[in-house]
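Protein chains in written order, with my numbering: chain A, 9 to 249; chain D, 44 to 358.
Be a bit skeptical, because a hint or two may be false.
What the hints assert, rightly or not - No more than 27 Å apart at the CA atoms, straight line, and that leaves these computed lysine-lysine pairs for DSSO-like:
id, chain 1, residue 1, chain 2, residue 2
1, D, LYS121, A, LYS102
2, A, LYS48, A, LYS102
3, D, LYS303, D, LYS263
4, A, LYS88, D, LYS121
5, D, LYS58, A, LYS88
What the hints assert, rightly or not - Computed far set for chain A versus chain D, every beta-carbon distance over 10 Å:
id, residue
6, ARG18
7, ASN21
8, ASP91
9, PRO97
10, PHE179
11, ASN222
What the hints assert, rightly or not - A few chain A residues facing chain D, derived, Cβ under 7 Å:
id, residue
12, ALA11
13, LYS19
14, ASN92
15, ARG94
16, LEU96
17, GLU139
18, THR223
19, GLY230
20, LEU231
21, ARG245
22, ARG246
Since the hints were made in silico from the structure, they are not lab data. Keep in mind the model is a prediction, meaning the values are calculated, not measured. We put the CB at the ideal spot given by N, CA and C, even for glycine.
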Amino acid sequence: MLAALFVEARKLNRSLAALLAIAAPSLIAVFVFFNMIRGKAPAPWDMWMGSASAIWAFFMLPMSVTALTALVAHMEHGPKSWDNLRALPLPRWKLYAAKAVCVLAVVAAMSALTLLMVWGAVTLAAVLKPELTPTGPFDLAAYARTMGLMFLAGLLMIALQLWTALRFASFVPGLVLGIGGTFFAVVATSAKEGVFLPWQMPVNMLASEAWRMNTALGLGCGLGLVALVAMVVHLSRREVL
Amino acid sequence: MSAAIETTELTRRFKRHLAVDGVSMTVPEQAVYGFLGRNGAGKTTTLKMLLGLIRPSGGTARICGVDVAEDRLGAARKVGALLEAHGFYGNLSGRENLDLTRCLIGLPRTEVERVLEVVEMTEHAGRQVSDYSLGMRQRLGLARAMLGAPPVLILDEPTNGLDPDGIADMRRFLAELPDRTGATVLLSSHLLGEIEQTATHIGIVHQGRLVLEGELTRLKADLAPEVAVETDDPVRAAALATARGFAVTRTPDQIVASLKPGEDARAASAALNRALVEADVAVFAIGPRARTLEGIYREVSAPPAVQPLMQPEPV
């Protein structure tokens with residue numbers, strides 16, 4: 009299994025998926041930087057880090073997961089390498105499990121990178137405009153915990169997106185699912201039922217009502233793990249014609 | 044000679060379409076076995092069943108004695124495959140691509156350099172695969188198939204898309220492979236010339252069925268020569284030849300009469316010529332010709348351009 013994981017990680021080298029993993033957090037950092045530099049008065053760290061987390065969970069995470077899973081799956085679909093991989097003397101579930109772990113690791117790394125880059129952007133803006141230096145404490149543990157919860161609540165969304173992307177050779181089903189899911193997550197923001205939508209589960213980690221947070225976390229993480237296992241079993245047993 | 048690959052009544056049905064219909068083939072050890080057939084004849088489906096990529100609807104497949112359905116991993120350890128789609132990662136170098144496969148199947152690092160040397164790709168191995176020509180990708184695919192020196196190599200259309208130089212290169216590689224590596228090669232192709240110059244054994248698959256199999260030189264020798272006749276009236280010529288006991292195939296401007304094994308081709312040509320001239324059929328050219336793989340293939344796969352004459356037509 010370690011060999012399969014190592015191979016998956018090496019495939020990312022110089023890939024578009026790796027570029028995306030850096031680009032998406034950078035975009036949030038750039039946005040926060042220019043937003044701060046336009047300001048007239050200083051704001052607390054919590055405001056900057058909170059707004060960055062909200063942008064990440066509400067929009068950038070679902071869209072990044074859509075693109076990332078499509079790109080990772082296309083590494084095999086594009087050159088039609090499934091047959092070559094599946095013909096190897098290696099249990100097939102390891103190929104899919106390694107792919108899933110690799111995607112989860114990249115999303116986790118993107119979450120961490122978002123925190124790091126936003127901290128960097130705010131610090132840089134404060135250096136350029138000292139009068140805007142953020143006020144209040146910089147509670148890294150709390151910000152990291154929030155990002156971690158968003159990641160866990162996003163497991164179901166990640167599993168569904170990856171399953172679709174690996175199952176279909178075309179980009180289209182995965183993109184339709186991801187764009188559609190994000191759209192409905194946005195329009196159903198205030199609806200109670202929205203909490204059951206996998207693409208809205210991460211942003212519910214910022215909800216003030218405890219039931220929303222607990223429901224989204226429980227469903228997103230629990231069903232996400234079940235979906236990942238089901239995906240590995242389904243794909244490894246399936247014939248690729 | 045024991046069998047490196049053996050299938051018994053191997054069958055695969057896709058809904059209503061019978062893609063492979065009871066194929067029983069035997070590939071002897073260290074043979075270069077040319078697996079011939081038109082596009083859609085069932086070659087790739089058969090190969091995919093041998094590699095355990097798809098499950099047979101019936102029958103069995105064995106690689107070096109290991110049943111593919113019962114022990115896929117055991118069978119896969121005996122096989123290296125070059126499939127029609129290379130499946131290389133363009134963002135990585137040739138060496139890195141090979142190293143990924145090496146890593147997955149747990150081979151020592153030196154194995155990559157060994158196979159690169161075999162396919163003469165060492166000096167290009169550091170370049171990204173996206174910059175490779177098709178011929179280089181095919182060679183890299185061959186190198187990947189040889190990782191771990193498996194006793195059986197399955198190569199699906201290895202010369203597809205290559206230019207004439209690339210085809211000649213690949214042909215040389217394939218012909219030398221059993222001597223250089225000791226491997227048995229199952230080579231699927233629809234290019235008769237390529238198979239004729241490379242293979243020691245052939246199997247011809249037509250509409251999902253294996254219609255002919257054997258050692259190529261023996262097949263050519265066993266099948267009697269034939270007499271080709273160019274004439275102004277192929278219909279009457281065919282009827283006359285059939286009446287004299289020849290098995291005849293006819294095209295718009297010639298007939299080809301198959302001789303019985305052991306029959307003197309020159310004497311048969313003379314006799315047939317005499318019969319045609321006496322019947323007032325103009326003969327432009329006549330003479331015996333040796334059987335070629337193309338002739339054998341056309342006979343067993345009955346393409347539309349050559350119509351077998353089943354019944355003598357009235358003269």
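Exercise for the section: Run the structure past the numbered hints and jot down the numbers of the failing ones, going up. Expected result: 2, 6, 7, 8, 9, 17, 18, 19, 20, 21 and 22
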